[in-house]
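Peer 1: Residue numbers (my numbering), protein chains in the order written: chain A, 1 to 166; chain B, 167 to 851.
Heads up, some of the hints might be wrong.
Claimed, not checked - Restricting the straight-line Cα-Cα distance to at most 30 Å, the calculated cross-link-like pairs of lysine-lysine (BS3-like) are:
#1 A:Lys39 <-> B:Lys557
#2 A:Lys70 <-> B:Lys505
#3 B:Lys282 <-> A:Lys134
#4 A:Lys74 <-> B:Lys377
#5 B:Lys708 <-> A:Lys134
#6 B:Lys590 <-> A:Lys74
#7 B:Lys505 <-> A:Lys39
#8 A:Lys39 <-> B:Lys202
#9 B:Lys447 <-> B:Lys557
#10 B:Lys708 <-> A:Lys108
#11 B:Lys557 <-> A:Lys134
#12 B:Lys377 <-> A:Lys134
#13 A:Lys70 <-> B:Lys447
Derived from the structure by calculation, the hints contain no laboratory data.
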Amino acid sequence: MASIRATGSRILLAIIVCAYAVAPVAVAQRSDRATELGKRINCMCAGCADSAGLCNHPGASFSGPCDVAKNELKEVDERVARGDSDDLILQSFIQEYGTEVVIVPEAKGFNRWMWLMPIVFSIVGIFVVRAILKSWRLRAAHVKAHPAGVSPELLARARHEIGPDE
Amino acid sequence: MDIFGSFSLLLALIAAGYAIVAGILAIRTRNPLLTKSSRHAGIAVFCLVTLTVACLEYLFFTDNFSMAYVAEHSNRDLPGFYKFAALWAGQEGSLLFWSWLLSIYAFFALFLNRRKHPELMPYVGVVLACVQLFFLTLNNFVASPFQVLGHAGAGGAFTVVSQADGHGLTPLLQYSEMVIHPPMLYLGYTGFSVPFAFAMAALLGRYPGEKWIHITRRWTMIAWVFQTLGVLLGAHWAYAVLGWGGYWAWDPVENASLLPWITGTAFLHSVMMQEKRGMMKVWNVWLVFTTFMLCILGTLLTRSGIVSSIHAFAQSSIGTWFVSFLAVTFIACALAYWKNRDYLRSDNQLDSLVSRESSFLFNNLILLAACFAVLWGTLFPVLSEWVQGTKISVGPPFFNKVNVPIALFLILLTGVGPLLAWRKTSLDGLRRNFLWPLAGGLVAGLIAFVAGFRLIYPLICLILSVFVVLTIVAEFWRGARVIAARSGVNLLAATGQLTMRNTRRYGGYVVHFGMVLIFIGIAGSAFNRDVQQEMPPGAHMKLGPYDIVSQNFDQIQTPNYQAERATLEVFRDGKSKMILYPERRFFLASQITQTLVGIQSTPLRDIYLVYDGRSPETNRPVIHGYLNPLVKCIWFGGLVVVLGTILALIPSRQAVMVLSQATELAPASAGGPVPHPVGAIHGKH
Chain A
1 MASIRATGSR ILLAIIVCAY AVAPVAVAQR SDRATELGKR INCMCAGCAD SAGLCNHPGA
61 SFSGPCDVAK NELKEVDERV ARGDSDDLIL QSFIQEYGTE VVIVPEAKGF NRWMWLMPIV
121 FSIVGIFVVR AILKSWRLRA AHVKAHPAGV SPELLARARH EIGPDE
Chain B
167 MDIFGSFSLL LALIAAGYAI VAGILAIRTR NPLLTKSSRH AGIAVFCLVT LTVACLEYLF
227 FTDNFSMAYV AEHSNRDLPG FYKFAALWAG QEGSLLFWSW LLSIYAFFAL FLNRRKHPEL
287 MPYVGVVLAC VQLFFLTLNN FVASPFQVLG HAGAGGAFTV VSQADGHGLT PLLQYSEMVI
347 HPPMLYLGYT GFSVPFAFAM AALLGRYPGE KWIHITRRWT MIAWVFQTLG VLLGAHWAYA
407 VLGWGGYWAW DPVENASLLP WITGTAFLHS VMMQEKRGMM KVWNVWLVFT TFMLCILGTL
467 LTRSGIVSSI HAFAQSSIGT WFVSFLAVTF IACALAYWKN RDYLRSDNQL DSLVSRESSF
527 LFNNLILLAA CFAVLWGTLF PVLSEWVQGT KISVGPPFFN KVNVPIALFL ILLTGVGPLL
587 AWRKTSLDGL RRNFLWPLAG GLVAGLIAFV AGFRLIYPLI CLILSVFVVL TIVAEFWRGA
647 RVIAARSGVN LLAATGQLTM RNTRRYGGYV VHFGMVLIFI GIAGSAFNRD VQQEMPPGAH
707 MKLGPYDIVS QNFDQIQTPN YQAERATLEV FRDGKSKMIL YPERRFFLAS QITQTLVGIQ
767 STPLRDIYLV YDGRSPETNR PVIHGYLNPL VKCIWFGGLV VVLGTILALI PSRQAVMVLS
827 QATELAPASA GGPVPHPVGA IHGKH
């Protein structure tokens with residue numbers, strides 16, 4: 001029983017770690033690599049909170065992508081045509097605009113903790129829940145070993161009167 | 167009227183202060199007159215704040231543009247409906263609105279319990295008054311809505327200046343949903359103050375038993391359903407008004423509204439453990455404390471602009487006040503818990519891991535993991551700037567990647583949890599309850615896979631959703647079948663009787679069904695498509711199986727705005743299906759442009775057309791078309807959640823088995839009609 005529990009815990013842990021490693025949910029409807037990269041960099045116009053690829057200005061005279069977003073996408077196009085890798089393109093944008101330009105920062109240095117903490121929380125939470133369940137079961141075992149002075153007939157009657165569980 | 171309004175606001179502050187002092191004295195001396203006096207002071211706060219709100223509304227409706235707040239958020243041509251809503255258009259009015267809704271909750275909590283729970287209510291009154299005191303302090307001294315426009319003249323005299331007309335309400339708020347969304351959300355935020363007050367009161371007063379849980383359960387559900395409505399209305403507004411094709415951007419203020427909803431959901435589930443088994447007392451107390459503190463944090467994030475957001479009104483000093491209040495609240499909760507922790511000791515026992523108790527624990531863990539992930543991602547930019555000195559942004563890819571697996575676990579537990587028995591579930595029970603729903607889910611997944619849906623997360627979501635729906639249907643079927651067999655009514659009537667016998671349980675199933683619909687709708691976003699192109703009259707746009715043809719662009723003039731409207735005809739397989747009219751409005755008073763989206767919505771998909779305006783390069787009209795599958799499931803699911811909650815709030819009808827002797831003619835036999843007794847179920851409240 002203990003080994004089954006341990007195996008179950010390991011499987012659950014593995015599922016959690018794998019779940020975070022699987023690719024993001026959102027599917028890229030546009031096959032254009034530049035458009036996809038455009039969704040990974042922020043529009044730096046300070047008037048929208050969107051990526052360059054999804055730039056939208058609802059209150060402006062033109063709601064579509066602003067000039068800043070268009071210039072960023074043009075720059076991405078040029079770098080893609082030059083054969084630069086995604087990482088190199090993102091790095092060049094960071095050098096030009098600062099770390100705020102990427103929608104999600106790289107998992108390096110302190111920023112690594114952005115990704116790690118939810119996993120750490122989940123794992124710690126599982127151990128906490130496991131400890132709580134274990135303490136509850138130990139207490140139940142203790143009560144079973146030292147039952148209260150209640151006759152089986154009274155217990156059965158009480159259970160019947162309580163009725164079905166909700 | 168402005169002087170009258172400010173004065174009543176000040177009196178409300180004094181009344182809140184008196185309610186605290188009288189309440190504390192009442193607790194120490196056990197003097198019933200002081201208890202009554204404190205309660206009356208709490209009720210007086212409600213009357214005075216209501217008077218204040220009425221004064222401000224009067225100023226709006228009389229177009230008193232000598233008031234800064236009125237001039238900023240209203241104008242003469244603003245329709246009356248929006249003049250009323252302008253109360254919560256800006257920071258000062260929003261905070262007053264917060265105080266008012268809180269005072270309404272406090273009034274009902276105090277009034278409805280005026281003859282009940284005499285040991286508990288003085289503490290409740292004091293806690294609620296403390297929260298009111300904080301917000302009334304802000305209303306009076308930090309963000310007063312009664313500031314007058316003017317300047318100091320010669321000799322130091324203040325000269326009032328009245329503008330000819332106001333700036334008008336922000337066009338983004340001139341939409342019926344935006345009138346309803348803030349009140350719903352604020353009713354959620356303020357509503358959680360009541361269970362917080364009762365939890366704190368039970369702890370401080372060492373109130374025996376689980377009675378405080380029973381008292382606050384309905385209050386918590388009411389606050390929760392308002393929070394749900396607020397979040398969904400906000401999402402629908404973002405979808406229908408902002409015109410970016412989506413409904414949730416993981417904006418800091420959106421996240422702030424989600425956080426207390428998540429912990430409130432966890433609390434609503436884990437209280438059942440305390441009610442049924444007397445377990446998880448410490449957990450529940452801290453869960454309700456955390457929910458309340460997240461409401462304050464949410465207000466802090468919205469008002470202070472500490473994390474930049476399209477919602478945040480402005481960077482202001484009000485953040486310091488909220489941080490201080492949050493710190494004081496945390497310290498008070500920690501002290502109250504530390505001093506009275508032995509009162510929370512419970513006899514926790516678990517017979518089996520395969521039990522409802524375990525599933526509730528895991529349910530809470532998953533919800534708290536989601537809450538932590540959202541909170542962490544929202545505040546990480548602030549933390550990073552503090553630690554590294556560099557600004558970063560945390561966008562939707564982080565939140566989606568982290569929360570989607572969590573959501574899938576949650577859907578799984580939504581199906582598994584209710585079918586596990588308390589204490590222990592047998593293997594037979596497991597097999598009976600889960601085999602066919604699981605098989606149904608897997609079959610649905612297989613069909614979808616064969617049909618070409620290969621994205622892993624939406625596929626898992628589909629399997630789990632079908633599993634959950636089948637478990638819910640099975641629960642209703644099992645119970646209704648028994649009632650139908652016993653009482654001879656049809657299955658539909660039997661389902662109604664079954665539901666009314668235990669509205670909490672079956673209302674909960676309806677809520678779960680609504681949540682599944684919402685998750686299905688969200689999963690549909692993985693299949694969204696969009697096209698953006700110039701569309702002068704006669705131009706065509708291909709959007710999935712649809713052909714969009716630009717017919718016309720015309721101008722509209724009203725006293726409030728000027729508009730340009732596009733007429734776009736949608737064809738499929740050569741046949742005209744509909745005409746949509748996306749529009750751009752330019753509001754004259756505020757000089758702001760707003761987009762009105764053309765949406766045609768069916769359960770399977772939305773056609774969503776936005777008129778972006780004229781291209782700066784070519785001056786030709788640009789249309790952005792979206793094809794969004796399953797979005798309607800989200801709104802319909804939200805409606806089901808609300809209906810399920812209302813159902814759960816209705817008191818159950820207890821079945822009383824009445825064996826009545828009734829003569830009934832049996833089918834003709836050799837001996838003629840044979841009378842036999844029948845058992846009948848009669849309902850009683």
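Peer 1: All hints, please: hold or fail.
Peer 2: So, going through the hints one by one against the coordinates:
| no. | hint | in the structure |
| --- | --- | --- |
| 1 | A:Lys39 <-> B:Lys557 | 19 Å, holds |
| 2 | A:Lys70 <-> B:Lys505 | 61 Å, violated |
| 3 | B:Lys282 <-> A:Lys134 | 39 Å, violated |
| 4 | A:Lys74 <-> B:Lys377 | 65 Å, violated |
| 5 | B:Lys708 <-> A:Lys134 | 60 Å, violated |
| 6 | B:Lys590 <-> A:Lys74 | 63 Å, violated |
| 7 | B:Lys505 <-> A:Lys39 | 52 Å, violated |
| 8 | A:Lys39 <-> B:Lys202 | 61 Å, violated |
| 9 | B:Lys447 <-> B:Lys557 | 41 Å, violated |
| 10 | B:Lys708 <-> A:Lys108 | 42 Å, violated |
| 11 | B:Lys557 <-> A:Lys134 | 44 Å, violated |
| 12 | B:Lys377 <-> A:Lys134 | 28 Å, holds |
| 13 | A:Lys70 <-> B:Lys447 | 56 Å, violated |
When the structure is compared with the earlier hints, violations turn up for hints 2, 3, 4, 5, 6, 7, 8, 9, 10, 11, 13 and for no others.
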